[in-house]
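K.L.:
Chain residues, written in single-letter form:
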Amino acid sequence: MTAPALPRRRRPITGWTVAKNVFAWLLSASMLVPLLLIIVTSFKSDRDGQTMSFAWPQEWNPANFVTVIQKGKLGAGFLNSLLYSSVGTVVTVLLAAMAAYVFSRRRSRGNQILYLVVVMGIVLPINYVALMKVMQLFALNNSRIGIIALYIAVNIPFTVFLIYGFVARIPVELDEAAVIDGCGPIRLFFLIILPLMRPVLITAAVLGFLGMWNEFIMPLYFLDSTAKWPMNLAVYNFFGRFESKWNLVSADVLLTAAPVIVLYLVCQKYIVGGQTVGAVKG
Amino acid sequence: MDKKKIYPWYFAVGALVFYGALFVLPGLIGVGYSFTNWSSYARDLAWVGLDNFAEIFSPDRDYLTYIKNTLWFTAASTILKTVLPLALAVLLVKEVKGLALHRAILYIPAVLSVLITGLTFKSILNPQYGFLNQSLRAVGLDALAAHWLTDPTLAMWSIIAVDVWRGTGYVMTILLVGLLSISSTYSEAAMIDGANAWQVFRHITLPLLRPTLAVVIVLNVLYGLKVFDIVYVLTNGGPGHRTEVLYTAVFSEFSRGRYGVGTALSTVMLVVMVVAGVFMIRVLTRNEVQE
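Respectively, the protein sequence lines represent chains A and B. For the first sequence, position 217 (counting from the first letter as 1) is numbered 217 according to the numbering used here, and the numbering increases by one without interruption. For the second sequence, position 260 (counting from the first letter as 1) is numbered 542 according to the numbering used here, and the numbering increases by one without interruption.
Read the hints as simulated data drawn from the structure, not as lab findings. Backbone N, C-alpha and C define an ideal beta-carbon position, used for all residues, glycine too. Hints are not guaranteed to be accurate.
Per the computed footprint, the stretches of chain B lying under chain A, defined by three or more beta-carbons under 8 Å from a beta-carbon of chain A, are [said to hold, decoys possible]:
{"#": "1", "segment": "284–295"}
{"#": "2", "segment": "298–307"}
{"#": "3", "segment": "404–417"}
{"#": "4", "segment": "474–487"}
{"#": "5", "segment": "549–555"}
Quick list of in silico lysine to aspartate or glutamate cross-link-like pairs, DMTMM-like style, CA-CA up to 20 Å [claimed, not checked]:
{"#": "6", "chain 1": "B", "residue 1": "K285", "chain 2": "A", "residue 2": "D181"}
{"#": "7", "chain 1": "B", "residue 1": "K404", "chain 2": "A", "residue 2": "D46"}
{"#": "8", "chain 1": "B", "residue 1": "K286", "chain 2": "A", "residue 2": "D181"}
{"#": "9", "chain 1": "B", "residue 1": "K286", "chain 2": "A", "residue 2": "E176"}
{"#": "10", "chain 1": "B", "residue 1": "K404", "chain 2": "A", "residue 2": "E243"}
{"#": "11", "chain 1": "B", "residue 1": "K287", "chain 2": "A", "residue 2": "E176"}
{"#": "12", "chain 1": "B", "residue 1": "K285", "chain 2": "A", "residue 2": "E173"}
Below, a sample of chain B positions facing chain A; criterion: calculated Cβ distance under 7 Å [as the list claims (entries may be wrong)]:
{"#": "13", "residue": "D344"}
{"#": "14", "residue": "L374"}
{"#": "15", "residue": "V378"}
{"#": "16", "residue": "V393"}
{"#": "17", "residue": "L394"}
{"#": "18", "residue": "I398"}
{"#": "19", "residue": "L401"}
{"#": "20", "residue": "L504"}
{"#": "21", "residue": "K508"}
{"#": "22", "residue": "F510"}
Could you build the full structure based on these sequences and the hints that come with them?
P.N.:
If you want it as C-alpha cells, here you go:
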C-alpha cells in the first residue's frame, strides 16, 4: 500500500546522493556494531565466549544474565542507582526551580552575583580530595544520603541555568495578577509558576536522572561498601574479576546499559533537545 | 509590587546550601590544603608553603608529563571532535533519507555512561581475543593487529579514538541544529551568483555557524581538561603513566593518601579551568538574556 505521491518536483537521483546515503548508513553502522557485538556475545556459552566476534552463538545461553545478576550484584546495584538518581533528581529540580525563579524575577545585584557563582559550577572542576574532608565533616562519607547530596550539589548549576532561561519567558503580568488576587509567594510559585514550567522541568529531570545514573567518579571516591554501590560501580568491579569471560561481561554491560537505552528511546526528544538547545539557542 | 515579598530570598536557600557546602566549600578549602602536608600518614597538619607546587612543577617528577598529557588529549580530541562532526553535519544535512533515524543512532553513545563505552571498547581492543584484532587477523591483516591499550605509543591514540567515537554524534547533532537554522536563501543566492560548494561553505555557512562552533569547541575543551572516566577505564593511566591525565593523577594521589599533592594538583587544574570557564560563561550566557 503506497500513499499517492505528492506533486512536487523530484530531484534527479545522482551518484553523489546514493554515495551520501550509503555513507550515512556506514556511519550509523559504526555506532551500532559495538552494541550488536555486546548483544551477540552476551548470549554465548562460556566456551564460545572466550573470543569476541560476530560468530553466531553455537548455543543460546540466556542463563548468562542470571549468572551476572547473582554474581555481579546487579539487583542491588540497580536499586541503588534508582534510589540515588530518582531522589537526587526530584530534589535537584525542585530546589533549582525555586532558586532560578527568584534569581530571574528579582535581578538585584546580589542575586545576579549569586546566579553567576552558581552557573560557574557548570565548568569549574571539583576538588575531590578536599571534598572528602568536607564529607567527613558532615558525616556523609560512605553513606547513601551523602552520595545523593553530592549528586544534588553537582547538578544544581546546570539545572538552575536551564530553568533560569525558561522563567524569563513566563510573563510577569501573571505574577502581578495573582498577587492582586491575594496570592502569597508560596502559592504563587507552586500553583501558578511551577505548572507553567512543566516542559523545562521534564527536560531538567530527564537530563539530571541520566547524568546521575551514569555517574561513576563520585561513588568511586565516596562509597566504600559494595552494598551501596550503584550499577556502574558494580559492573566495573565485575569486569575486573571476569575479564576473560566476555559472554558474562557483555551480559553485565548490556543489563547496565539497558535502563539508559530505554530512557533514551522514551525521552529522546527531551534528552537531545535539552542537551543541544542550550548550546545553539540564539 | 514589593519584589522582595513576592520573590522571597528563602526560595534560593536550598539550592545554595547544597551547592555551597559540597561544591564551593571544598573548592575553597582545597586551595588552602594545597599549601599543607596533609596526608593519611602525617600526624600533624603543617603549613609547607609552596612545597607541593614545587613538587608538581619539578622536572624530576612526572607531574608535568601528566599536565602535558591532559593538554595533548584536550587539543587532539577537541580538534577531531570539531572537524569530523562538522564535515559530517555539512555532508549529511541535505539529501539523506531518514536523517532523523541516523541522528538518533549517532546520538546513542552520548547517553551511555562513559564507563559502559569504556568497558565495551576495552573488550573490543583486547589484543588476544578482542573484536578488532580478531577481525584484522580474519582478513589477513595480522601485521596491523596491535596492543592498542598497552603499547606506549598507541595507548593515548586509542583513548582519543574511543572518545571521538563517543563524542562525534553529540557534536554533530548540535551542529545540525545550527545548520538547519541557517536559511537556505543565502546559499541559493550565492549559487546563482556562481559560487561553488566550497565557497558557499567557506563564506556563508562557516561564518553563520561560528557561534555554534564556538560553543562546541568550549564544551570539548572543558570536557578534555576534566577527562577521567574514559582514561581510568581503558588504561588507568598506563602503560607507565603514558596516558596519565590530571584527574587520574589526582585519584591515584588520593588512593595513596597523599592528599596535599592531590589537592594541589586540583588547584593547578582550577587555575587552568577558571581561565577557560570565564570564557565559556561568556559564550553560553550571551545568547540567552535578551528576553
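K.L.:
Does each hint hold? Answer for all of them.
P.N.:
Tested hints:
Under the rule that three or more residues need a Cβ within less than 8 Å of chain A, the assignment of the segment 284–295 of chain B holds, with 9 such residues. Counting residues of the segment 298–307 of chain B whose CB lies closer than 8 Å to any CB of chain A gives 8, so the stated coverage by that chain holds, three being the minimum. Counting residues of the segment 404–417 of chain B whose CB falls under 8 Å from any CB of chain A gives 9; the rule of at least 3 is met. Check on the segment 474–487 of chain B: 0 of its residues sit with their Cβ under 8 Å from a Cβ of chain A, so the three-residue criterion for coverage is violated.
By the rule of at least three residues with a Cβ nearer than 8 Å to a Cβ of chain A, the coverage given for the segment 549–555 of chain B holds, with 4 such residues. Proposed proximity of B:K285 and A:D181 is supported: the alpha carbons are some 16 Å apart, at most 20 Å. Among the hinted pairs, B:K404 with A:D46 is consistent with the structure: their alpha-carbon atoms are about 19 Å apart, no more than 20 Å. Straight-line distance between C-alpha atoms of B:K286 and A:D181 comes to about 18 Å, which keeps the hinted pair within the 20 Å bound.
With a C-alpha separation of about 13 Å, the suggested pairing of B:K286 with A:E176 holds against the 20 Å cut-off. A threshold of 20 Å between alpha carbons decides the hint, and for B:K404 with A:E243 the separation of about 10 Å falls inside it, so the pair holds. With a C-alpha separation of about 12 Å, the suggested pairing of B:K287 with A:E176 holds against the 20 Å cut-off. Under the criterion of a C-alpha separation no larger than 20 Å, the hint pairing B:K285 with A:E173 is consistent with the structure, at around 13 Å.
Because the beta carbon of B:D344 sits about 18 Å from the nearest beta carbon in chain A, more than 7 Å, this interface hint is broken. For B:L374, the interface hint holds, since its Cβ comes within 7 Å of a Cβ in chain A; the closest pair sits about 6 Å apart. For B:V378, the shortest C-beta to C-beta distance to chain A is roughly 5 Å, which falls under 7 Å, so the interface hint holds. Among the interface hints, the one on B:V393 holds; its C-beta lies about 5 Å from the nearest C-beta in chain A, closer than the 7 Å criterion.
Of the supplied interface hints, the one on B:L394 holds, with its beta-carbon coming within about 6 Å of a beta-carbon of chain A, less than 7 Å. Taken as an interface hint, B:I398 checks out: its beta carbon lies about 5 Å from the nearest beta carbon of chain A, inside 7 Å. Below 7 Å, beta-carbon pairs count as interface contacts, and B:L401 has one with chain A at about 5 Å; its hint therefore holds. Given hint, B:L504 at the interface with chain A, holds; its Cβ is 5 Å from that chain's nearest Cβ, closer than 7 Å.
The restraint placing B:K508 at the interface with chain A holds, with a minimum CB-CB distance near 6 Å, inside the 7 Å limit. A least Cβ separation of about 6 Å between B:F510 and chain A falls short of the 7 Å threshold, and the interface hint therefore holds.
When held up to the earlier numbered hints, the structure conflicts with 4, 13 and fits the remainder.
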